[in-house]
Amino acid sequence: MLRVMLPILVLVGVLGLAIAGDRPEPRADFTFINKGDVATLDMQRMSWLQDLRVGRLLFEGLVAQDVFDPDYRIIPAAAERWELSDDRLTYTFHLRRESRWSNGAPVVASDFVFAWRRLLLPDTGADYIRQFQLVKGGEAFTQWRLRALADAATGAGPTGDELWKLTLDAFERLVAITSVDDLTLRVTLEQPAPYFLDLLAMPPFFPVYPALVSQYERVDPTSGRLIIESGWTKPGHLVSNGPFTLTAWRFKRDMRLEANPNHRMFKSLAIRTISIPTVDDANAMILAYRSGAADWVTDVVASYRGDMYEQKLAFIREHQAEYDAMKSEGIDEIEIARRLPDDPRNHLHVFPVFGTYFYNFNCSAKLADGRPNPLADPRVRRALAMMIDKRAIADGVRRVGEPVARTLIPPGSLAGYASPSGLPCISDMRTTADRDALIARARSLLADAGFPDPSKMPAVSMLFNKDGGHDLIAQSIASDWQRYLGLPVFLEQKEIKIFREELKNKNYMTSRGGWYGDYGDPTTFLDPHRTGDENNDRNYSNPVYDDLLRRAAAESDADIRAALLSRAESMLVDEDLPAVPLYHYCNIFLFNAHKISGINSHPRQTQLVFLVDILGDGKGTDIPLSTPPRSGSAGDPDSGGLPR
Amino acid sequence: MTGVILRRLVQLPLIVGTVFLLTLALAWGIPGNPLENPEGRRPPPEIAEAMKTQYNMDSFWDFAASYVDRASGVRWLSGRLTGEHRRRDAGAIASGLAPPERFVFDLGPSLQYRDRNVNEIIAGSLPVSATLGIAAILIALVVGLGAGVVGALRPNSFADVATLTLALVGISTPTFVAGTLLLLLFSVLLPIFPVASWGSPRDIVLPAITLSLPFAAYIARLTRVGMIEALSSDYVRTARAKGLPERTVILKHALKNAFLPVLSYLGPATALAMTGSFVVERVFTVPGLGQHFVSAVQNKDLFLIMGIVIVFATMLILFNLAVDVLYRWVDPRIA
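Protein chains in written order, with this note's numbering: chain A, 1 to 644; chain B, 1001 to 1335.
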């Protein structure tokens, strides 16, 4: 019997040891479930929303956005002040004397130079390199380096350390970034860019600690490339300059952050520890919130979220008068939830954000297989765009209150920018007569394009990726096109990686697409439609459009510039329709506004988690932050916003 | 016995090498660029190209060669011998920083989680899956043996039919249904167990029960059949005839023989349970290895795919060897 039982006893022993060796940590002051796992904490290489959110806790840029200001006003961060030259090209930043890295070393101007050189080096592979090439000489330097590496590969040029030395010289010679002294940094742009400071508030433009990072970068002696090794972003190794430091990062388990005693905000922080558990399952996130294990779910994706939203609406209906009154005063959604009674249904927060879901039309003259592309004609694209029942998608498929879109840029999200009207669609028509008129208009557009009988048109394929409910939206659109035009349509579902590849190779006819704006300027939505842009999945090319963007870039008058860009967007959404906007994305948060302050409802969705305050716990001010309405100068500008 | 062990150990690198080449060839063929973001912005094409070079992904043979160089420990050895490691550690310490971590058998960086090394990912998630798997197998043994014995003592009685039905339900219920039900019952309605956390013994209970269900059901059926056969055999009749108490007859004489088929099932079952379950890990947010078998392929994360396949192949070979050795020891009839 002992012989039989021995393997079982061994198993029991191993289990006991494993359990004894794993000690859970005490609960953090604030626990939130991020949108997904953090991919990297290398500032220059990050671009995912969840990475950026943690990046803003661990590191600090020259400037920051006041996320409780309706216009996301730029405020000082690592730089205490800055000047802009009269030609609006040269920025001079003055760093805070007291800024420290988490190991106590002072933050100096050359730290920024180091980080920005990494950003511009093609070896780093920064997703945001293009945005930073508006610095004078930035693109020239990247191209110089690429050429030098190509020469090294063919043996035509120097390599190894010699090439690296030449690269450092080239950076100094070509790029207009200078550390004047330890506390002064000067940057000159190629042309004025009103959104440059907005960019600098993004983590890819934050500094990294040069002494640390250079330990993990080495020059390959044969190719001359910079080999970048992972490892410096681990707890115990990472040196950062933000309000929090990294104390634990267990893969697929959690990340733990603690307040940085070297940071100037240390005393004013209302939370000292943050825990970010990894929860991949949509349902488990909600259960974690309901059982009290998490304070904030940043992205509610459970399949029953439509029902949760219905319940929230039912809750609002019970308090309709109060809700309407507060809404008319311009009070933001989170503050309204805070003033209405505490109710589990009221923990769901839905608000539109700076992003749009659309359908791409391939605009190439020929399809990838060589057939002529019926969608190359803008009249065909306009006709198809008008025949989509966008209301049915937003209300029937999505069911989370997302606004129907006629434009790419969510209207009202940018101060001083007037959105074009956009093409109407079938669900905008109130009466049967109007609907019939619109259908007749679409049919006549198709007839003009050489398709008098749409049912004889080449079948239109619709490409989308698995998961995320894209199949339901595609079905809805396909049935509209079949019902109103009799158009033959077929659906193609692919894995995400293959889907992306097909888009890049323009091997599709129509496909689902989406875009979130990165910075507070229309160009963040308009640039991807420029001829030859790497994000121009539609292969759209119109010299008039490109020229409008060029003229806007050179324009110094803000109003004229906005009008030029608005005209450009009008070309996209009224005339050429390389993509048809369907709805503007909404963000869905789950948290109790009566308990938590510091999360903002602004469409731009920069969340600075270090502003979080657990209300009524006696730590921090315990006064909730909220966004004042945009128009009137609502009271004291310092009443809400970042602690200085 | 020693001969068998030695022979298997010599075969190990050959099998792992073949598995490596086959997997790499298949993984290389998966369409799509692993370095590309699944959503949002694409970097300029020349940057995308530079990234491919950064990870030696320009050509299949370059990649395979540099992978073997790292994973076999050759690179570590050369860094050690040339003094490169010492030089760089000294540089780090001089700037007041912790020296970089190094792995002897470096399985490379994950392409999806760029700050992570595949060694760390496996070192972090394998113990989790193993703990959960062992707990599940133990639960399955207790429940399965108990149910099987109870059923076999009175075949076709109410208790027998009930356990058989339960076993059928246990085998056929998908784990995502059972897991979600348990989670709703014991974490949300009755908040006894935590949701979405891992680290304390309480966190293991629900996922272990969920994972154990199909194993328990199968063990119950194996035990029942074995016990019915054993109870009607001659040696049990002899044991009863010489007046042994019923407990001794069942536990010592009948169960000992009925357990042998269970033991041979236990080998592959433990291996399967210990390498994680994608579904159970997702439902209970367990940071185990199972999820990577699926997600690494979806993301075309070459280094992670190769890493887990190599580790899994090695484990499977060693585990089969262990079961073989154990079986010879338990049942002397097998020489």
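Read the hints as simulated data drawn from the structure, not as lab findings. Do not take every clue at face value.
Calculated lysine-lysine pairs in the DSSO-like style (CA-CA distance at most 30 Å, straight line) [unchecked claim]:
| id | chain 1 | residue 1 | chain 2 | residue 2 |
| --- | --- | --- | --- | --- |
| 1 | A | Lys234 | B | Lys1252 |
| 2 | A | Lys466 | A | Lys494 |
| 3 | A | Lys504 | A | Lys466 |
| 4 | B | Lys1052 | A | Lys504 |
| 5 | B | Lys1242 | A | Lys466 |
| 6 | A | Lys506 | A | Lys494 |
| 7 | A | Lys456 | A | Lys35 |
| 8 | A | Lys165 | B | Lys1052 |
| 9 | B | Lys1252 | A | Lys497 |
| 10 | B | Lys1256 | A | Lys35 |
Against the structure, the hints come out as follows:
1. A/Lys234 with B/Lys1252: It is violated: about 55 Å lies between the C-alpha atoms, which goes past 30 Å.
2. A/Lys466 with A/Lys494: 6 Å, holds
3. A/Lys504 with A/Lys466: OK: A/Lys504 and A/Lys466 at ~17 Å, within 30 Å.
4. B/Lys1052 with A/Lys504: This hinted pair holds, its Cα atoms lying about 16 Å apart.
5. B/Lys1242 with A/Lys466: 68 Å, violated
6. A/Lys506 with A/Lys494: 14 Å, holds
7. A/Lys456 with A/Lys35: Given pair A/Lys456, A/Lys35 is violated - Cα atoms ~45 Å apart, limit 30 Å.
8. A/Lys165 with B/Lys1052: 24 Å, holds
9. B/Lys1252 with A/Lys497: 58 Å, violated
10. B/Lys1256 with A/Lys35: 52 Å, violated
Taken one by one, the earlier hints fail for this structure at numbers 1, 5, 7, 9, 10, listed in ascending order.
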